[in-house]
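Residue numbers (the working numbering), protein chains in the order written: chain Y, 2 to 200; chain F, 2 to 200.
Hints are computed from structural coordinates only; laboratory data are not their basis.
Check before you lean on any hint, since a few could be wrong.
Just so you know, same-sequence chains aren't split out, so a pair can sit in one copy or run between any two.
What the hints assert, rightly or not - Below, simulated SDA-like cross-link-like pairs (lysine to any residue); rule was C-alpha separation at most 20 angstroms, straight line:
#1 K175 / I129
#2 K141 / P82
#3 K101 / G128
#4 K175 / I156
#5 K175 / D127
#6 K29 / W108
#7 K99 / L64
#8 K29 / Y115
#9 K29 / D55
#10 K24 / Y115
#11 K175 / G128
#12 K29 / R116
#13 K184 / E153
#14 K29 / L76
#15 K141 / A69
#16 K86 / S200
#17 K141 / S52
#18 K86 / E196
#19 K184 / R116
#20 K99 / V65
#21 K101 / N112
2 protein chains.
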Amino acid sequence: MTKIVDHDERRLLIAGAALRVIKRMGMKGATVRNIAQESGLSLGALRHYFSTQDELLDFSMDLVKERAAARIYELSRLEIPIFQKALKILLELLPTDKDKLAEMEVWFAFNTHYRSSGSSYNILNDGILALIERMLRSMKESGALRPELDCELEIERLYALIDGIALHAYLDTKRVDYEQIVKLVTYHMRSICTEEAFS
Amino acid sequence: MTKIVDHDERRLLIAGAALRVIKRMGMKGATVRNIAQESGLSLGALRHYFSTQDELLDFSMDLVKERAAARIYELSRLEIPIFQKALKILLELLPTDKDKLAEMEVWFAFNTHYRSSGSSYNILNDGILALIERMLRSMKESGALRPELDCELEIERLYALIDGIALHAYLDTKRVDYEQIVKLVTYHMRSICTEEAFS
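Just chain Y, with the same shape it has in the complex (with noise of 0.2 angstroms):
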């Protein structure tokens, strides 16, 4: 038992030090060498936990979704009115902090390595369309959507609208800064909500 409980925390502290890596030197810099040394083991050792870069690269990616899984799950079980836990988590989902613009970075490095090599795993399966479309189903439900609004379409739209604000915030931070961002969000929740729903 203990020794299970060891091999997956090896596993998040080595995957903890790729994603540290990639942040500083980009995807050509994520080495097994490079990630080994700044997880203080030895070549060897790393292997023992990842036979392939790809699994430890596949690891770290669902760890960098895990991650935002987790501050989201907390954030539903808020009791607050819907309009503003709805924002919230959007808010959560768009890099308004450094740490949120690094993970960024990380995506779209392994973006890029994923559609070179080929590879089959599918950087959008990260659970925001889902989320998205229970968050919009639920206003709906509750009588929060305004009810002449098309609610398929009208989850399309977030959902492109919530990774075309992180793209432009990860590319041009100065412009698109946290206030403008909070700003924008606001703006197009008010506008598909019924008067009620955030009053």
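Put chain F on the given structure of chain Y with help from the hints.
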């Protein structure tokens, strides 16, 4: 005179070859050697037209932008109602066919390359924000934009939405296909236009 024209044409020919190489092999395949081979020139001849690899890559990325700008200029001259023209221009910005999907592949590869190499080349400086700004301001002036909307935030919202749709169409071509793109862009534009504008 002839010499200058030849020089410019040769540079265009080389940039075209560079783009084909990137589409086929990604940025890591965009070596001077591969581009020389694709363009049918010797390494020495290629170096005569571009003294560094970065100079060649910047020129190639500019070429992608210029081609897009030329297509949009043609659309902007059409004598059709403002709502239809706006739709046509927005769809032109999106990866609605194989050629434009390949251009996005190049765009992504460039972006990752520039960021990891610390280049100051501004990948977002592609004129799309300025284009959307002009489009919405002229719609506002002509009364096509719903008067209660905030024009500044609508510009940012449409800009983020377009790039978000582009990202999804590029990463998940099956789900976000041509039909879905048209539906979504039309839906958004109808939501910000007066009834008269699209009737």
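Hints that the structure is at odds with (numbers, increasing): 14, 15, 17, 19
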